[in-house]
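This is what each chain is made of:
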Amino acid sequence: MSQRRQFLQSAAALAVYAALPSLAFAQEAAKIGFVYVSPIGDAGWTFQHDEGRKELEKALGNKIQTKYVENVAEGADAERVIREFAASGHKVVFATSFGYMNYVERVARQFPNVTFLHATGYKSGKNFGNYNARFYEGRYLNGVIAGKMTKSSVLGYVAAFPIPEVLQGINAFTLGAKSVNPKAEVRVIWTNAWYDPGKEREAAMTLISQGADMLTQHTDSTAVVQAAEEKGVYAFGYHSDMAKYGPKAQLTATTHHWGAFYTKTVQDVLAGSWKPASIWGGFKDGMIRLAPLNPAIPTDVKVLVSELEGKLKAGSFHPFTGPVVDQSGKERLAQGAVMDDLTLGKMDYFVQGVASRLPTAR
Amino acid sequence: MDASLFTSMLFATVVAGTPLIIVALGLLVNEKAGVLNLGAEGMMAMGAVAAFAVTHHSGSPWLGVLAGILAGAAVSVLFGFLVLTLQANQVASGLALAIFGVGLSAFIGKPYESIALPAVPAIRIPFIADIPLIGEALYNQQALVYLSWALFWSVVWFLYRSRAGLVLRAVGESPASAHAIGHPVLRIRYLAVLFGGAMAGLGGAFLSVFYTPMWVEGMVAGRGWIALALVVFATWRPLRVMVGAYLFGGVMITQLFIQGSGLQIDFPSQFLSSLPYWATIVVLVAISRNANAIRLNSPISLGKPYRPDA
Numbered sequence: 060m061s062q063r064r065q066f067l068q069s070a071a072a073l074a075v076y077a078a079l080p081s082l083a084f085a086q087e088a089a090k091i092g093f094v095y096v097s098p099i100g101d102a103g104w105t106f107q108h109d110e111g112r113k114e115l116e117k118a119l120g121n122k123i124q125t126k127y128v129e130n131v132a133e134g135a136d137a138e139r140v141i142r143e144f145a146a147s148g149h150k151v152v153f154a155t156s157f158g159y160m161n162y163v164e165r166v167a168r169q170f171p172n173v174t175f176l177h178a179t180g181y182k183s184g185k186n187f188g189n190y191n192a193r194f195y196e197g198r199y200l201n202g203v204i205a206g207k208m209t210k211s212s213v214l215g216y217v218a219a220f221p222i223p224e225v226l227q228g229i230n231a232f233t234l235g236a237k238s239v240n241p242k243a244e245v246r247v248i249w250t251n252a253w254y255d256p257g258k259e260r261e262a263a264m265t266l267i268s269q270g271a272d273m274l275t276q277h278t279d280s281t282a283v284v285q286a287a288e289e290k291g292v293y294a295f296g297y298h299s300d301m302a303k304y305g306p307k308a309q310l311t312a313t314t315h316h317w318g319a320f321y322t323k324t325v326q327d328v329l330a331g332s333w334k335p336a337s338i339w340g341g342f343k344d345g346m347i348r349l350a351p352l353n354p355a356i357p358t359d360v361k362v363l364v365s366e367l368e369g370k371l372k373a374g375s376f377h378p379f380t381g382p383v384v385d386q387s388g389k390e391r392l393a394q395g396a397v398m399d400d401l402t403l404g405k406m407d408y409f410v411q412g413v414a415s416r417l418p419t420a421r
Numbered sequence: 018m019d020a021s022l023f024t025s026m027l028f029a030t031v032v033a034g035t036p037l038i039i040v041a042l043g044l045l046v047n048e049k050a051g052v053l054n055l056g057a058e059g060m061m062a063m064g065a066v067a068a069f070a071v072t073h074h075s076g077s078p079w080l081g082v083l084a085g086i087l088a089g090a091a092v093s094v095l096f097g098f099l100v101l102t103l104q105a106n107q108v109a110s111g112l113a114l115a116i117f118g119v120g121l122s123a124f125i126g127k128p129y130e131s132i133a134l135p136a137v138p139a140i141r142i143p144f145i146a147d148i149p150l151i152g153e154a155l156y157n158q159q160a161l162v163y164l165s166w167a168l169f170w171s172v173v174w175f176l177y178r179s180r181a182g183l184v185l186r187a188v189g190e191s192p193a194s195a196h197a198i199g200h201p202v203l204r205i206r207y208l209a210v211l212f213g214g215a216m217a218g219l220g221g222a223f224l225s226v227f228y229t230p231m232w233v234e235g236m237v238a239g240r241g242w243i244a245l246a247l248v249v250f251a252t253w254r255p256l257r258v259m260v261g262a263y264l265f266g267g268v269m270i271t272q273l274f275i276q277g278s279g280l281q282i283d284f285p286s287q288f289l290s291s292l293p294y295w296a297t298i299v300v301l302v303a304i305s306r307n308a309n310a311i312r313l314n315s316p317i318s319l320g321k322p323y324r325p326d327a
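Protein chains in written order, with the working numbering: chain A, 60 to 421; chain B, 18 to 327.
Calculated from the structure, these hints are not laboratory results.
In this text the structure is predicted, and so the values were computed from the model without any measurement.
Idealized CB from N, CA, C, for every residue including glycine.
It is possible that some hints are incorrect.
[Unchecked claim] Which residues of chain B face chain A? A few of them, derived with a C-beta cut under 7 Å, are:
id, residue
1, Ser25
2, Ala133
3, Gln287
Please model the entire structure based on the sequences and the hints provided.
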């Protein structure tokens, strides 16, 4: 598949070179590599990164040439792929999963002329940076919709692993729901797997039978949205717009958009102005968006959501604004304060309103 | 516990147990004929991907089920050729089949990743589905759930009430004697392997077309191995296969329900997720304490190749 694409690209490039010989030798296309953790498929984490790659291709045209390797396990294989990209003359390498971080760090040291970026990590260096998106901003808006529209006040959340990124989402969703519906409670089921559609579905069914009429998930398949569609309850998609898996069920989705970031990064590298940084973008940067709102959402809720979205974009509202109180009643953030990124990145508790217990490491 | 909660737990338990029953009963017949096929995981994966592809293209889940059965049987023929005709080691061939099937299914399934199928509606059996508590859970189910019950009765009848079943068991106990009185040992073993493969394929089809109507690499998620363990756990008795499968399904569902209920139980969810496996181990250990029970029931020639004297 990617080979055919490459062939087509080179064919197209050849045609251009033939037409403009002077330009052809003036500038050779910079090679950009992408490492994906799962198959691209047509929804989900990797799919959104690949959309970003396509956007980059579109924006920079024949100045660049992209290549990707999908389904790369977060282990020794990853290092091999990353090294291969670096060794074969790629100028920028995007490694799109947390587990690649240490391999990126190692390879980056050996290839100082290549620029590396890894998604969702925290390390950076002279020639590598990291980037992530503020998924929790979308989750908060999902929570507001859920809190307004729920009849049972029971909201279900299927989650993979209790790591900060997932907890931020659950807590933001809960805070959003509680802000409009103090009775709302969020029930969480852990699947302990990023991708196990059978378990995700069973978890969704379980939540529905326990009274949840709003579902969302932080796992990678569309099983939860499909289950909601089947059972006639509402759901929020994640990663991608999952409306085609649940046209009636999906109220909206928190979707990720990397295209603009990829384009800007590559442009900066080509211009020589790139500097290592930790990018954490939200609605404001266009890295997070909401999928089109389902017509089932009442107008007043739509208005409320678009107001909040506007404030998030303007930077005048932060979902984690105090008081934030955890399950045990301990105040984690004082009234009126805004949580800083460092604290956010270390989140390890449920806020009040989550009905489930957090699995403890004890 | 309120009534509707009980009903939905029972419903989910039955659904979770069904693929295990189908596959384990197939393996049971396999092993009763003296052939050990550890390739269940791979055969299920092949059945799942074939069933999904055919359902997707034809729009008919039943054609898909048929394709799943055929795919499982086709892979098992390969296994049969290795261990019966060529007399290769059954354990090694079975393991190879498991890995081969999972890999090949991923390759075949590549274009089908992330395509969704419409859910197949359940079949409600009139009148008995109205029984309080259990009616909705047991009699408003997928067709394959009813089929798994029919399969159970057929296997019981076949093994213990039919002449053919008697011959099959004889082949598993003492192939030499069965051969001596004129039974075609290899042919019978081939048929048993085919049946095992077909059932594994059917179990896979249940996963990809009925349980979660989607295909994704690795979606069998160890269910083939669990089915294999179930047969030992059940000491080669069909009724215990049935009970064991529902027990396993029940424990898995219960842990999800406990998590979702918000009960203040201070157990890590990782531990709860491992409960079904714990249950399997505990029961296996309990049974193994009585070595006689296993020895008496295990087909004596299980795993041993047999070459009839010309």
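Outcome of the hint check:
no.: 1; hint: Ser25; result: holds (4 Å)
no.: 2; hint: Ala133; result: holds (5 Å)
no.: 3; hint: Gln287; result: holds (5 Å)
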